[in-house]
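Protein chains in written order, with this note's numbering: chain E, 1 to 401; chain V, 1 to 401.
Simulated from the structure, these hints should not be mistaken for lab results. Mixed in with the good hints, there may be bad ones.
The list that follows gives simulated cross-link-like pairs (lysine-lysine, DSS-like), each with its CA atoms no further than 27 Å apart [unchecked claim]:
hint: 1; chain 1: V; residue 1: 257; chain 2: V; residue 2: 324
hint: 2; chain 1: V; residue 1: 257; chain 2: E; residue 2: 324
hint: 3; chain 1: V; residue 1: 193; chain 2: E; residue 2: 90
hint: 4; chain 1: V; residue 1: 285; chain 2: E; residue 2: 56
hint: 5; chain 1: E; residue 1: 350; chain 2: E; residue 2: 333
hint: 6; chain 1: E; residue 1: 193; chain 2: V; residue 2: 90
2 protein chains.
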Amino acid sequence: MERVLSGIRVLDLSHVLAAPYASMMLADLGAEVIHVEPPDGDDAREYSPYIGKVDKNTSGYFISLNRNKKSIVLNLRHEKGKQILRQLIKISDILIENFRNTTMESLGFSWPEIQRLNPRMIYASITGFGHNTLPEYASKPAYDMVVQAYSGLMSITGPEGGEPCRVGNSIGDILAGHQAVIGILAALLYRQKSGRGQHYDGAMVDGLFATLENAVVRYTATGEVPEPLGTASPSITPFQAFPTKDNWIVIAIGNQKLWTQFCRVLGAPQLIDDPRFTANPQRNKNRKILADEISVRTKTKTTAEWSAIFDKESLPYSPVNNMKEICEDPHIKERKMLVEVDQPGVGKIKIAGSPIHLSETPGDIYSPAPRLGEHTEEVLKGLLNVTDAEIEALRKEEVIN
Amino acid sequence: MERVLSGIRVLDLSHVLAAPYASMMLADLGAEVIHVEPPDGDDAREYSPYIGKVDKNTSGYFISLNRNKKSIVLNLRHEKGKQILRQLIKISDILIENFRNTTMESLGFSWPEIQRLNPRMIYASITGFGHNTLPEYASKPAYDMVVQAYSGLMSITGPEGGEPCRVGNSIGDILAGHQAVIGILAALLYRQKSGRGQHYDGAMVDGLFATLENAVVRYTATGEVPEPLGTASPSITPFQAFPTKDNWIVIAIGNQKLWTQFCRVLGAPQLIDDPRFTANPQRNKNRKILADEISVRTKTKTTAEWSAIFDKESLPYSPVNNMKEICEDPHIKERKMLVEVDQPGVGKIKIAGSPIHLSETPGDIYSPAPRLGEHTEEVLKGLLNVTDAEIEALRKEEVIN
Numbered sequence: 001m002e003r004v005l006s007g008i009r010v011l012d013l014s015h016v017l018a019a020p021y022a023s024m025m026l027a028d029l030g031a032e033v034i035h036v037e038p039p040d041g042d043d044a045r046e047y048s049p050y051i052g053k054v055d056k057n058t059s060g061y062f063i064s065l066n067r068n069k070k071s072i073v074l075n076l077r078h079e080k081g082k083q084i085l086r087q088l089i090k091i092s093d094i095l096i097e098n099f100r101n102t103t104m105e106s107l108g109f110s111w112p113e114i115q116r117l118n119p120r121m122i123y124a125s126i127t128g129f130g131h132n133t134l135p136e137y138a139s140k141p142a143y144d145m146v147v148q149a150y151s152g153l154m155s156i157t158g159p160e161g162g163e164p165c166r167v168g169n170s171i172g173d174i175l176a177g178h179q180a181v182i183g184i185l186a187a188l189l190y191r192q193k194s195g196r197g198q199h200y201d202g203a204m205v206d207g208l209f210a211t212l213e214n215a216v217v218r219y220t221a222t223g224e225v226p227e228p229l230g231t232a233s234p235s236i237t238p239f240q241a242f243p244t245k246d247n248w249i250v251i252a253i254g255n256q257k258l259w260t261q262f263c264r265v266l267g268a269p270q271l272i273d274d275p276r277f278t279a280n281p282q283r284n285k286n287r288k289i290l291a292d293e294i295s296v297r298t299k300t301k302t303t304a305e306w307s308a309i310f311d312k313e314s315l316p317y318s319p320v321n322n323m324k325e326i327c328e329d330p331h332i333k334e335r336k337m338l339v340e341v342d343q344p345g346v347g348k349i350k351i352a353g354s355p356i357h358l359s360e361t362p363g364d365i366y367s368p369a370p371r372l373g374e375h376t377e378e379v380l381k382g383l384l385n386v387t388d389a390e391i392e393a394l395r396k397e398e399v400i401n
Numbered sequence: 001m002e003r004v005l006s007g008i009r010v011l012d013l014s015h016v017l018a019a020p021y022a023s024m025m026l027a028d029l030g031a032e033v034i035h036v037e038p039p040d041g042d043d044a045r046e047y048s049p050y051i052g053k054v055d056k057n058t059s060g061y062f063i064s065l066n067r068n069k070k071s072i073v074l075n076l077r078h079e080k081g082k083q084i085l086r087q088l089i090k091i092s093d094i095l096i097e098n099f100r101n102t103t104m105e106s107l108g109f110s111w112p113e114i115q116r117l118n119p120r121m122i123y124a125s126i127t128g129f130g131h132n133t134l135p136e137y138a139s140k141p142a143y144d145m146v147v148q149a150y151s152g153l154m155s156i157t158g159p160e161g162g163e164p165c166r167v168g169n170s171i172g173d174i175l176a177g178h179q180a181v182i183g184i185l186a187a188l189l190y191r192q193k194s195g196r197g198q199h200y201d202g203a204m205v206d207g208l209f210a211t212l213e214n215a216v217v218r219y220t221a222t223g224e225v226p227e228p229l230g231t232a233s234p235s236i237t238p239f240q241a242f243p244t245k246d247n248w249i250v251i252a253i254g255n256q257k258l259w260t261q262f263c264r265v266l267g268a269p270q271l272i273d274d275p276r277f278t279a280n281p282q283r284n285k286n287r288k289i290l291a292d293e294i295s296v297r298t299k300t301k302t303t304a305e306w307s308a309i310f311d312k313e314s315l316p317y318s319p320v321n322n323m324k325e326i327c328e329d330p331h332i333k334e335r336k337m338l339v340e341v342d343q344p345g346v347g348k349i350k351i352a353g354s355p356i357h358l359s360e361t362p363g364d365i366y367s368p369a370p371r372l373g374e375h376t377e378e379v380l381k382g383l384l385n386v387t388d389a390e391i392e393a394l395r396k397e398e399v400i401n
């Protein structure tokens, strides 16, 4: 298959999640991603779930995020490792990393130095607070959890009046990854005009904050500080999860026509003209009373029974699918969102596919995740004309694996 | 300022959130985004918070998402409205919309027809389940809430053993918007080689599902069905929010060195070698007992007091900022993540900025949101050479505003 980013080479000095998610998306689009790992490997190689025996090549966490990539081992604390990286920088298009702020500079790879080596290089860094910020922030250690809390997202996620909750996936890392891809693709487009690369200075806090646009403007425009509401919407009612006989069901009644239809289907036509619920403003005001009225009825049938009923009526609803249910969903299969990969040494495993559904050049999975250092020799020989004897020497000096 | 997407024209037939978020990101990067609205405007013009008087031009929700765009009103139910859209398609690069699946086709703008009009057109649609899926899914109505529940995300978000919770922002819409931008930029790069546009068939369910990569592989590899854990991590302990004297604080102890340091700072050095907590596997197993040990101590000081202590020790932590706190944060100001816009008829208002921090061509906010139909005349005269008399006639026939 023809791929959009064929011919684009990415040096991927990343670990764990934010930057690896970005380089994964670039690889899915066809870029040659060379994951440059330290001798003991990307930390994510140690993250559960393991598949079968526990070693550096069996982490499902790593396998899922590193499909389509190559792996080379390079000891960047060794001068000869730095030399090899310098040579690779000269022949690559993109460098991506998510070290702490000062790491690249301390290794001798500041942005000015990268530019000097390759003025066309697009350099993407992802950190908690960015490289260019106030000094007291630049050095703050930041995990996804820290960023979910710092950005404000955690303060609006969770049960009403209850404890704060984190989003169930590492959304701070993942959004930062998406935004880095946007920055990188934009920089590729611009490089065609300017001939020059640029620095994408991604910050996870900024990335999450930017997606709180409505909560932000609600505070700045009105002074109101938004709070968590469980599954409920602050502005539309009923628009939340209700308990069923065996589970939950989300019901999203976005307008008056749906309201009338929903009350009939629920077997409660008397609610339609109940003065407490006549229109959305009244329903918003009496949200809890209405939720009780609805819950007592939704509890009489299972989620599957309600689903069949709502489907027939084209009412907007959803079961609260767990991971088993969604992984077995026919839509997910039809859209190739769950892809079986034959992972050498591990066997067949299903991982999430690419959501970049382009008609001619869709993102896709075309190769399994690499074993640690699987491509060290191939890359050094093929791209840098290193000889067998030199490889042997580098290995003895523990520059490569 | 030089902008990456200068010279790229986007026809934006979108409403509310997913596609408008995408066109906002394109506009922030310099694309000319023409928001084509129906005579009564994008639905989001009716969404709170309103700023001052309530009308189509004072919704903070709309203003925040539509900065940098132009607005034209076009009645696409009228044949002359369709004619104008056809002409605009011929001179544009990108068409983006998030109608229901069949709407564009029923209006006479199927993908084959769009291609016929302009083979270079990049057409991005965003729906709940995509255009190309099983028929029983294609017609399903989907709001962000529905997608959060359907994708599995809601099943892993919320308090341990408690009710499911939605993510506090409309993350299903917003991720779909990011992914559409990635698809569009990729298609722009590919068009330079192929000369042809393509269809980006975005699906909100796919977009969210793809970000659950770890939960997906946990299920497919082990059969384990992940559940919500409040703020806790399934694999690292202590790594969650703890109560303080006045609020909460997130503490992220990612390795053994931090553990030792943390216990000292907490005033509980006896925990370091407590056999229940010696290393991460023990701490994972005894997570709740440990949380009690920690909470009883974190409750003795305020979040601000703990923050000062943890800052001095460089421990990874975060206050659980509310929207007021994060909007007033010096980092957010320094990074231009909160930008004051002078919105005609409304006054000065602060909205979230662009997280695409590129060194030469950053995303930025350069113009306020448009009034409904503000640019109808400008666009029709400037791009399509429509005369004043013709404009008058179109207005009388209610094709434009």
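message = Would the hint linking residue 350(E) and residue 333(E) be met if the CA-CA limit is 27 Å?
response = holds, 11 Å
ask   = For the pair supplied as a hint, residue 257(V) and residue 324(E), is the alpha-carbon distance within the 27 Å limit?
value = violated, 37 Å
request  = Assess, step by step, whether the Cα of residue 193(V) is no farther than 27 Å from the Cα of residue 90(E), and give holds or violated.
outcome  = holds, 24 Å
message = Between the alpha carbons of residue 257(V) and residue 324(V), is the straight-line distance 27 Å or under?
response = violated, 34 Å
request  = Decide if the proposed pair is consistent with the structure: residue 285(V) and residue 56(E), CA atoms, cutoff 27 Å inclusive.
outcome  = Within the cut-off at roughly 23 Å; holds.
query = Taken at face value, is the distance from the CA of residue 90(V) to the CA of residue 193(E) at most 27 Å?
reply = holds, 24 Å
Against the hints set out earlier in the document, violations occur for numbers 1, 2.
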